[in-house]
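Asks: Following the hints, complete the assembly by docking chain B onto the known chain A.
Chains as they are written, first to last, in the numbering used here: chain A, 1 to 263; chain B, 1 to 263.
This list has only true hints and no planted wrong ones.
Note that identical chains are pooled: a pair holds if it fits in a single copy or bridges any two copies.
Simulated crosslink set (BS3-like; lysine-lysine; CA at most 30 Å straight-line):
hint: 1; residue 1: 207; residue 2: 262
hint: 2; residue 1: 104; residue 2: 54
hint: 3; residue 1: 232; residue 2: 256
hint: 4; residue 1: 171; residue 2: 253
hint: 5; residue 1: 253; residue 2: 207
hint: 6; residue 1: 181; residue 2: 127
hint: 7; residue 1: 256; residue 2: 171
hint: 8; residue 1: 262; residue 2: 232
hint: 9; residue 1: 181; residue 2: 171
hint: 10; residue 1: 171; residue 2: 262
hint: 11; residue 1: 207; residue 2: 171
hint: 12; residue 1: 207; residue 2: 33
Treat the hints as calculated values from the structure; they're not laboratory data.
2 protein chains.
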Amino acid sequence: MLIIGERINATRKPIGLAIEKKDGDFIQREAEKQVAAGTNYLDLNAGLHSEKEKDDLLWLIENVQKVTEVPLCLDSANPMALQEGLKNCKKRPMINSINGEEKKIEAFLSLLENYQGEIIALTMDDKGIPETVEQRLRITEKLVKILNEKGIKNEQIYIDPLVQPLSVNQKFGLQFLEAVKQIKATFPKIKTTCGLSNISFGLPQRKAINQAFIILAIEAGLDSAILDPLDKELISSVYTGEALLNQDEYCLKYIKAFREGKI
Amino acid sequence: MLIIGERINATRKPIGLAIEKKDGDFIQREAEKQVAAGTNYLDLNAGLHSEKEKDDLLWLIENVQKVTEVPLCLDSANPMALQEGLKNCKKRPMINSINGEEKKIEAFLSLLENYQGEIIALTMDDKGIPETVEQRLRITEKLVKILNEKGIKNEQIYIDPLVQPLSVNQKFGLQFLEAVKQIKATFPKIKTTCGLSNISFGLPQRKAINQAFIILAIEAGLDSAILDPLDKELISSVYTGEALLNQDEYCLKYIKAFREGKI
Chain A
1 MLIIGERINA TRKPIGLAIE KKDGDFIQRE AEKQVAAGTN YLDLNAGLHS EKEKDDLLWL
61 IENVQKVTEV PLCLDSANPM ALQEGLKNCK KRPMINSING EEKKIEAFLS LLENYQGEII
121 ALTMDDKGIP ETVEQRLRIT EKLVKILNEK GIKNEQIYID PLVQPLSVNQ KFGLQFLEAV
181 KQIKATFPKI KTTCGLSNIS FGLPQRKAIN QAFIILAIEA GLDSAILDPL DKELISSVYT
241 GEALLNQDEY CLKYIKAFRE GKI
Chain B
1 MLIIGERINA TRKPIGLAIE KKDGDFIQRE AEKQVAAGTN YLDLNAGLHS EKEKDDLLWL
61 IENVQKVTEV PLCLDSANPM ALQEGLKNCK KRPMINSING EEKKIEAFLS LLENYQGEII
121 ALTMDDKGIP ETVEQRLRIT EKLVKILNEK GIKNEQIYID PLVQPLSVNQ KFGLQFLEAV
181 KQIKATFPKI KTTCGLSNIS FGLPQRKAIN QAFIILAIEA GLDSAILDPL DKELISSVYT
241 GEALLNQDEY CLKYIKAFRE GKI
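Chain A with its partners taken away, still in its complex shape (with noise of 0.2 Å):
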């Protein structure tokens, strides 16, 4: 499974803290503790500033490029800050996120044209976040239609189902596995990511239902998920599940994992 490391989030308070005071060592230091802890890519969100969104983005993007070749992921819902951010990545970044709302896709459609790198899709449109797994995939068909007329093939594409609470809705849980279920086996070339501490939202003992729900996602397919890499036992999980899923070849990623602290 890719780890999405999501600490660097402008709506974490020491974060935009460091963004508003220009603190690039801090922000540098947050992107190379990920890197040790494995981090498969970088996720950089400058935060919900229209007007300083870019030129913080740019900023973020330069420091963490500083000490780290760890590919980026950038996390704006402005069109404008992301194609600039593009421009200056030295690898290419994965792109987070586009949603089927009408208007918001139509202002990502010239980005995305050709684009080499993989996007994050979320399963959502102008009604807000569907109710069913039905719906969730009639979304997703949407989505990839849409991205294939631009020239994205399957493999690039990450769907995220959304990760609704278990304390709003018992059956969240499981309608969230089961989406996963079947986009994978509805697009068996399309990858699947998501957001995963929202599962535990309102609940005591988050973390523990944290690191049981990506269990139970990876059993299901997922592929990938935004997380917290320096929390160690969500970390342990997905080795431990990984080994317990036959994922994990002769369990030497996770003796390796154990050997090295990360577990």
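Replies: Only chain B this time, still in chain A's reference frame:
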């Protein structure tokens, strides 16, 4: 998921010693602690000293029944010990276990005739523990046939497809899960159980593996497990797995367990 508390087992040193010294207080405390942790059955294993096993088992039954009415699970391969044990239980106990070995099952047959309680049956025969899921299913079919002929209904049968260590074969985790699924699909009224911790034998961080595996086992449909109910993290995994898999209405059991300090 039903929990069968495994702690009163003579192969555990403190229990073996307590049996030897006839330290009834110690056994009673072990029973009380497991009941407080929410165990549904108390497994009683009086050890492998065949000449003493019957008397030791009766002594365990007597002591445990002094402090609790939780049903017992008589864990013995000795039909004589079981026969006397059955007579001395106030509530009908679970029998742990029979298997497909020709000689052993012969000795059990008269004991099982029209038995009204629950029986654990292991998927092994004279050839040992089978390699494949299909062979496990064949042995299950054979055991079910024999038990049905003795008047035992499918509702009374718990099949244990036998967990084997991941360190021996990286497919053993998946194989067990698949066996549970297929047994449940073939015999919808039959229940399944297992001794869980064997999965992690030979690997580091065994507890983390056990915790992850029980979640996958719940997903596969496992009805019961023989485990240490005082292992708070493992019990936490059971509650978490049930909540995530829509087996806990409004997450009420999860929240109650949290309030009671069980997870």
